[in-house]
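Protein chains: 2
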Amino acid sequence: MYTTEQLQTLFESYLAQTDFPSEPQLLYAPIGYSLAGGGKRLRPMLVLLSHAIFDPNVQQALPAAAAVEVFHNFTLLHDDIMDNAAIRRGKPSVYAKWGRNVAILSGDAMLIYAYRLLSGLTSPRLPQILAAFNRMALEVCEGQQYDMDFEEKQKVSVVDYMHMIELKTSVLLAGAVSIGAMLGGAPDDDCRRLRRFAIELGLAFQLQDDLLDSYGDRQLGKAIGGDILEGKKTFLTVTAMSHADAATRTELRTLLADDRLEPVKKIAAVKAIYDKLDIPHLTQQQIELRFEKALAQLDTLTTESPCTQQLREFATSLMGRKK
Amino acid sequence: MYTTEQLQTLFESYLAQTDFPSEPQLLYAPIGYSLAGGGKRLRPMLVLLSHAIFDPNVQQALPAAAAVEVFHNFTLLHDDIMDNAAIRRGKPSVYAKWGRNVAILSGDAMLIYAYRLLSGLTSPRLPQILAAFNRMALEVCEGQQYDMDFEEKQKVSVVDYMHMIELKTSVLLAGAVSIGAMLGGAPDDDCRRLRRFAIELGLAFQLQDDLLDSYGDRQLGKAIGGDILEGKKTFLTVTAMSHADAATRTELRTLLADDRLEPVKKIAAVKAIYDKLDIPHLTQQQIELRFEKALAQLDTLTTESPCTQQLREFATSLMGRKK
Chain A
45 MYTTEQLQTL FESYLAQTDF PSEPQLLYAP IGYSLAGGGK RLRPMLVLLS
95 HAIFDPNVQQ ALPAAAAVEV FHNFTLLHDD IMDNAAIRRG KPSVYAKWGR
145 NVAILSGDAM LIYAYRLLSG LTSPRLPQIL AAFNRMALEV CEGQQYDMDF
195 EEKQKVSVVD YMHMIELKTS VLLAGAVSIG AMLGGAPDDD CRRLRRFAIE
245 LGLAFQLQDD LLDSYGDRQL GKAIGGDILE GKKTFLTVTA MSHADAATRT
295 ELRTLLADDR LEPVKKIAAV KAIYDKLDIP HLTQQQIELR FEKALAQLDT
345 LTTESPCTQQ LREFATSLMG RKK
Chain B
45 MYTTEQLQTL FESYLAQTDF PSEPQLLYAP IGYSLAGGGK RLRPMLVLLS
95 HAIFDPNVQQ ALPAAAAVEV FHNFTLLHDD IMDNAAIRRG KPSVYAKWGR
145 NVAILSGDAM LIYAYRLLSG LTSPRLPQIL AAFNRMALEV CEGQQYDMDF
195 EEKQKVSVVD YMHMIELKTS VLLAGAVSIG AMLGGAPDDD CRRLRRFAIE
245 LGLAFQLQDD LLDSYGDRQL GKAIGGDILE GKKTFLTVTA MSHADAATRT
295 ELRTLLADDR LEPVKKIAAV KAIYDKLDIP HLTQQQIELR FEKALAQLDT
345 LTTESPCTQQ LREFATSLMG RKK
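Chains as they are written, first to last, in the numbering used here: chain A, 45 to 367; chain B, 45 to 367.
With the rest of the complex left out, here is chain A:
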């Protein structure tokens, strides 16, 4: 059995040895740049860890792990164009570095490349794996579209918001664990449970991200309040809107839309409303609930393996908690 760190090393060296053609340079160079960007490799690790529960042969799962990571990076390339985002993981985004057209076309090539990695799997369950990947990929597009739709909408309900982040964040994690499990030969029931685990984990993870953006984390040292300054819809805003009286709703809406307010004042004013409505606590409750639900799914797996504990610990560390 490999440790999580060993799996990470195996994955990095697998990814580093993938050879992209050198020409046309503007098509392929951004792919290498984007994949070398690192990030947490959360999704490929979920592929490898859930695969390991059912099959110790990690080698066979590496192309699937890479496919999921390449797909994830494809979404970042295109999202950064749509969101006009110049910075990604502390470096210029592909969009900012090479321009819109290069980011579109290199992104397309990455999506195709993800399918190429998948297509090379030698598994009797290849059609099922492809179907899971296709579903995941389409749902991620749906999530991104809803996210953009929400920017234009005055009213977004908590239910709609949860549905959007399930599509935009959770289904990619769910795709990762399902594909890993299927490839490892998991029984259908266990695939479904792992899927449920990942959906809940994704929700917990995204809500925590929303909370930390406004309330911060001593360890992270990240600038606080970015979402508030952008007037972005998050779990905090939609929950506040649903709990507030009419006057507070109007106040919050006006505050979030105000671009001329001094940043420090805007953040403080919005957070004062959140605090009054007990939003941090309500959000934390949801995070706990979702995370507990996620872990509970792991307890129901019919297949016994020490790797289940490894996956549990990975999920726990992901939430920034002690194992």
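Some hints here could point you the wrong way.
Identical chains share a label here; the pair holds if one copy fits it or two copies do between them.
[To be verified] Taking lysine to aspartate or glutamate pairs in the DMTMM-like style, the calculated list, with each CA pair at most 20 Å apart, reads:
1. Lys199 - Glu332
2. Lys310 - Asp63
3. Lys276 - Asp319
4. Lys199 - Glu67
5. Lys141 - Glu196
6. Lys141 - Asp193
7. Lys197 - Glu67
8. Lys315 - Glu274
In short, the hints are calculated from the structure, not lab data.
Add chain B to chain A, keeping to what the hints say.
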């Protein structure tokens, strides 16, 4: 055996019955809009006709034909953003109608949808078919990148230009016939010959397109000279550059780059140079050569079928010639 017209009807009704979700509307509506746009359905017809040579069961080839058509339309959505093209088949492009972000994301969904159609094929040769599709898809991206690169380049050789249009136009036709043939159970040798047929046919078709843009076609009634006005690199320009003396080269380059010249005068001046260098005749020679090479490949197929003649006639009609 179905007639070509019957196959066209079958394909249109197959495509019309594909059900896209209704929400999110901005993700899925452009897909229906784009696919209903018609066009020649050249690529799916190549799938169906080459499949028919080896297997009369057209039903099984319809999803593959649709996959290739959906892929083709995906490339149009993204190309129109990159080329800033407002009109496609006489209607507003998706990019012009819904904007850049919608065209990016709906295009992505179409690419995924193409894979979904392919993934549903029940063929023992699915991995091989996927590999052919992946190769085709990546090469089409390479072709688009080279095409954009050429716009920035002073000097493009005839060889480089032929390579670019092989990638941008021919490989999609080659992918279509290979996938149709593989799915029909064709021997590898026949797949290779059909591929060669489609590569040459694509080149003949593209060169004819280049020629007609400047010299027109009575039947088409299309405005003449669009490529010249845009200063676009075509077979005519790159051949002229390679045949001209230094002075004429400079003259042609200056003319093509001149945006302030009166359109009628610019077209006449460029065509005068082409005529002096015998470019229309040289292009016509290349078209004949490529088209003959294409048809010759069909004569070498090891599988005997009346459908080979049908494919020959389809290719001939495509070139706007009498059968």
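For each hint, the structure was consulted:
no.	hint	verdict
1	Lys199 - Glu332	neither (26 Å within a copy, 62 Å between copies)
2	Lys310 - Asp63	neither (48 Å within a copy, 46 Å between copies)
3	Lys276 - Asp319	within (18 Å within a copy, 61 Å between copies)
4	Lys199 - Glu67	between (48 Å within a copy, 17 Å between copies)
5	Lys141 - Glu196	between (28 Å within a copy, 18 Å between copies)
6	Lys141 - Asp193	between (27 Å within a copy, 17 Å between copies)
7	Lys197 - Glu67	between (43 Å within a copy, 15 Å between copies)
8	Lys315 - Glu274	within (14 Å within a copy, 55 Å between copies)
Checked against the numbered hints given earlier, the structure breaks hints 1 and 2 and satisfies all the rest.
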